Amino acid sequence: MTWETVIGLETHVELATKTKIFCACTTRFGGDPNTHCCPVCTGMPGTLPVLNKKVLEFAVKAGLALNCEITRYSKFDRKNYFYPDLPKAYQISQLYLPIARDGAVSIRTAAGDKTIRIHELHMEEDAGKLVHDPWIDQTRADYNRCGVPLIEIVTEPDFRTADEVTAYLEKLKETLQYLGVSDCKMQEGSLRCDVNLSVRPMGSGELGTRTEMKNLNSFKAIARAIDYEARRQIELIEEDRRVVQETRRWDENKDATYAMRSKENAQDYRYFPEPDIPPIELSEEYLDGLRAAQPELAEAKRARYQAEYGLPEYDSRMITSDCVLARFFEDLTALGAPPKQGANWIMGEVLGALSARGMEPKDMKLTPATLARLITLVGEGTLNRNTAVKVFEAVFDTDGDVDAYVKAHGLEQVNDDGLVRETAAKVLEANPQSAADYRGGKEKAFGFLVGQVMRELKGRANPQSVNRILKELLTQ
Amino acid sequence: MTVNTELVEYISELSRLELQCGEKQDMTAQLEQIIAYMDVLNRLDTQGVEPMSHVFPVKNVLREDDVVPSQDRAALLAGAPVPDGEAFLVPKAVE
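Protein sequence lines, in the order shown, are assigned to chains X and V. Position 419, counted from 1, in the first sequence is what my numbering calls 419; the numbers after and before it change by one each time, with no gaps. Each number in my numbering corresponds to the 1-based position in the second sequence with 476 added.
Hints in this document: simulated from the structure, not taken from any laboratory. Quick caveat: nothing in here was measured; it's all calculated off a predicted structure. The reader is advised that the hints may include incorrect statements.
Stated by the list, open to error - Below, a list of computed lysine to any residue pairs in the SDA-like style, where the Cα atoms sit at most 25 Å apart: (1) X:K79 x V:R519; (2) X:K390 x X:A430; (3) V:K568 x X:D85; (4) X:K79 x V:D560; (5) V:K568 x X:Y83; (6) X:K88 x V:R539; (7) V:K535 x X:K407; (8) X:K214 x V:K568; (9) X:K18 x X:L64; (10) X:K88 x V:S488; (11) X:K18 x V:E562; (12) X:K18 x V:K568; (13) X:K129 x V:P527; (14) V:K535 x X:G46; (15) V:K535 x X:E281; (16) X:K88 x V:G498; (17) X:K407 x X:E360.
Unchecked claim - Stretch-level coverage of chain V by chain X, calculated; a stretch enters the list once three of its residues show a Cβ under 8 Å from a Cβ in chain X: (18) 537–543; (19) 546–553; (20) 556–563.
Here a beta-carbon is modelled for each residue, glycine too, at the ideal position from N, C-alpha and C.
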C-alpha cells in the first residue's frame, strides 16, 4: 500500500522586543541565571502583569504578513499546569480569541507551488529553562526566559513532505526577519517548532492518529524527524499495531523519536479567561496604520529587483535571502552603483568575506558607502578589478577609508599608456622566446607576457590596455 | 455534574494538593454544593449574551517597551525554599 504523510506545524517565535511580554525585564538572550527577573515574571503573589504595546504590534504585523484575519476583539486565557519551568503554575496564552486567524502562506518546492493555510496566530509568554544537575540530583530553574514574548503560529495539516515543511519554515523565517519582529535564531531557541504527524492510505480523506514531536532544533533535525516518524507509524500499522496519540521527543544523537513519560502527556490545562489582562480591542485606524507601515517583503523585492534593476532571478534570490543584504544592496544602488555590479560584489566578495569569517550580514561593519566608492573607482579606471578586491579585503573588517588605503599603498591603476608601452617593451626584450612562441601561434605565451607586464606594474595596470599594447608590439 | 471521590482526587492531583481521607470527603461535599449552585445559574437564559471575562469596563491596558532594571538576584532568591545562590532548586523535573 502507498501511504501519505500528513503534517501540521506549531511554530513558536520569540519576538524581538526589548522587554518581556508582561513586565519591563530585558529579553536579552543568556545572562547569569535569574538576573533578568522581577516579581511579575517569577509569579509572585499580588503582582499585576501589563501587556507590552510592542508585542501586540509585532503580533498584528506578523498576522497581516501571513494574510490572516486580525481579531478585532481579542483576549488572553490562563493555561494551567504544574511544572517548575513556569513559576506561576499557569501560562498566560490565548485560546478562545487569538489575535489572528485564517491566514495563508505560499511556498515553492521542487514539486511546485502550494498554499499552506494558517489556522491561527496567538500571543503568549515563554517559560523558564530547567537544567538538571546530576551531581546533586536536583533541577536548577532559571527564569530569565520566563515571560519573553512569543507568538505561536499554527498551520492546518497541509504539509505532505519534509520539503514542504522546510520551504514553509524558510518562508516564515524570512517574513518575520523582514518585518523585524524576530531574529528567528533556531540555535538560540527564538524559533522552535513542534511537528504533528500522522499517516494514512494514499487517497483516504480521513486523518490517522497523530503524534506530536518536540525538541527539533534545526531544519535538518525537522526533516530527519519527519522521515523517521512517518516510517515508524507506517511500520506499526503494517504490523497491525496501532499508533498511540502521544508527545514524542526527537533525539538528535540517536536519530530516533521516543515517547515522553505519560505524566508529561497528561493534558488538562483547565483554560479560563485571564482576569489580569483586560481585553484588546483594535480600531480600524490602528490596523490601517500598521498596514501602511508594513515593509516590502522578500517576494516583492525579488520581483522588483528583476523588473526595476534588471537583475537575474538568481541574483535577486541571493540578495533577498537576508533582509540586511537586501537593504545593503538598495543603499548601494541608491549611492549610484550600477545594480548588476553591486549584486556581483555582494554575491561574490561580500558573501565570501562573511562566510570566511563565519559572520552574519547584520554583524558586518562595511557600509554601502565604502563599497560604492570602491565600485566608482573601478568604474572610473582608478583601480582595476583585481586590485579593488585587495582593497575590499583590506577595508572590509573596519569599514576603512578606500581612498586613503589606495593612496597609502600606491594602488592607483596605471592609465599612462606610455608607461605600459615602455614596460611591455622591456618584458618582450627580456622574454624573446615567449614573444617568438606567440608569433609562431602559441596563444598561451601571450598570457604569460601579460602576467609579466602586470607584475612589473605591481598589478595596477588596466588589463585591457596591457592586452592592446602587447598585441600592438607583437604584431609590429 | 456529579462530584465524586475520583473527581476530587483527579483535581487534587492536577493542583498538586495532598488531601487526607477526611478532607476528600469534605471537599466532595463542598464542591458538590458549588457545582449545584452553578446549575442554578445555568437556568438563566443567556441566549445572545456575550460571555464576560472582566467585571470592569477596561480594555487595551498597555505599557511602553522600555527596560527597567530587574530585581536583585539575592533578594529574588531569598524567598525560595531551596536557592543555591544562582537558581531555584527543584526536585528532578527533566528526563
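So, going through the hints one by one against the coordinates:
Taking the CA atoms of K79 of chain X and R519 of chain V, the gap is about 28 Å. The hint is violated against a cut of 25 Å. Only pairs whose Cα atoms come within 25 Å are accepted, and K390 of chain X paired with A430 of chain X is rejected, the gap being roughly 29 Å. Of the pairs offered as hints, the one joining K568 of chain V and D85 of chain X holds, with about 12 Å between alpha carbons and a cut-off of 25 Å not exceeded. With a CA separation close to 29 Å, the supplied pair K79 of chain X and D560 of chain V exceeds the 25 Å bound.
As the CA atoms of K568 of chain V and Y83 of chain X are separated by approximately 11 Å, the hinted pair is consistent with the 25 Å bound. For the given pair, K88 of chain X sits about 21 Å from R539 of chain V by alpha-carbon distance, which is consistent with the 25 Å threshold. Distance check on the hinted pair: K535 of chain V and K407 of chain X sit about 64 Å apart at the alpha-carbon level, beyond 25 Å; violated. Annotation: proposed proximity of K214 of chain X to K568 of chain V holds, straight-line Cα distance about 20 Å (limit 25 Å).
Our distance criterion of 25 Å between C-alpha atoms is met by K18 of chain X and L64 of chain X, whose separation comes to about 22 Å. Between K88 of chain X and S488 of chain V the alpha-carbon distance is near 17 Å, which keeps this suggested pair within the 25 Å criterion. A distance of roughly 23 Å separates the Cα atoms of K18 of chain X and E562 of chain V; the hinted pair therefore holds under the 25 Å criterion. Between K18 of chain X and K568 of chain V the alpha-carbon distance is near 32 Å, which puts this suggested pair outside the 25 Å criterion.
Simply put, K129 of chain X and P527 of chain V have alpha-carbon atoms about 36 Å apart, too far for the 25 Å limit, and the pair is violated. Under the criterion of a C-alpha separation no larger than 25 Å, the hint pairing K535 of chain V with G46 of chain X is consistent with the structure, at around 20 Å. Annotation: proposed proximity of K535 of chain V to E281 of chain X holds, straight-line Cα distance about 7 Å (limit 25 Å). A distance of roughly 29 Å separates the Cα atoms of K88 of chain X and G498 of chain V; the hinted pair therefore is violated under the 25 Å criterion.
Proximity of K407 of chain X to E360 of chain X is assessed by CA-CA distance (about 30 Å); at most 25 Å being required, the pair is judged violated. Remark: the region 537–543 of chain V is confirmed as covered by chain X, as 7 of its residues place a Cβ nearer than 8 Å to a Cβ of that chain, reaching the required three. With 5 residues carrying a beta carbon less than 8 Å from a beta carbon of chain X, the region 546–553 of chain V meets the three-residue requirement, and the given coverage holds. Closer than 8 Å: that is the beta-carbon criterion, and the region 556–563 of chain V has 4 residues meeting it against chain X, so the requirement of 3 holds.
Hint check: violations occur at hints 1, 2, 4, 7, 12, 13, 16, 17; the rest are consistent with the structure.
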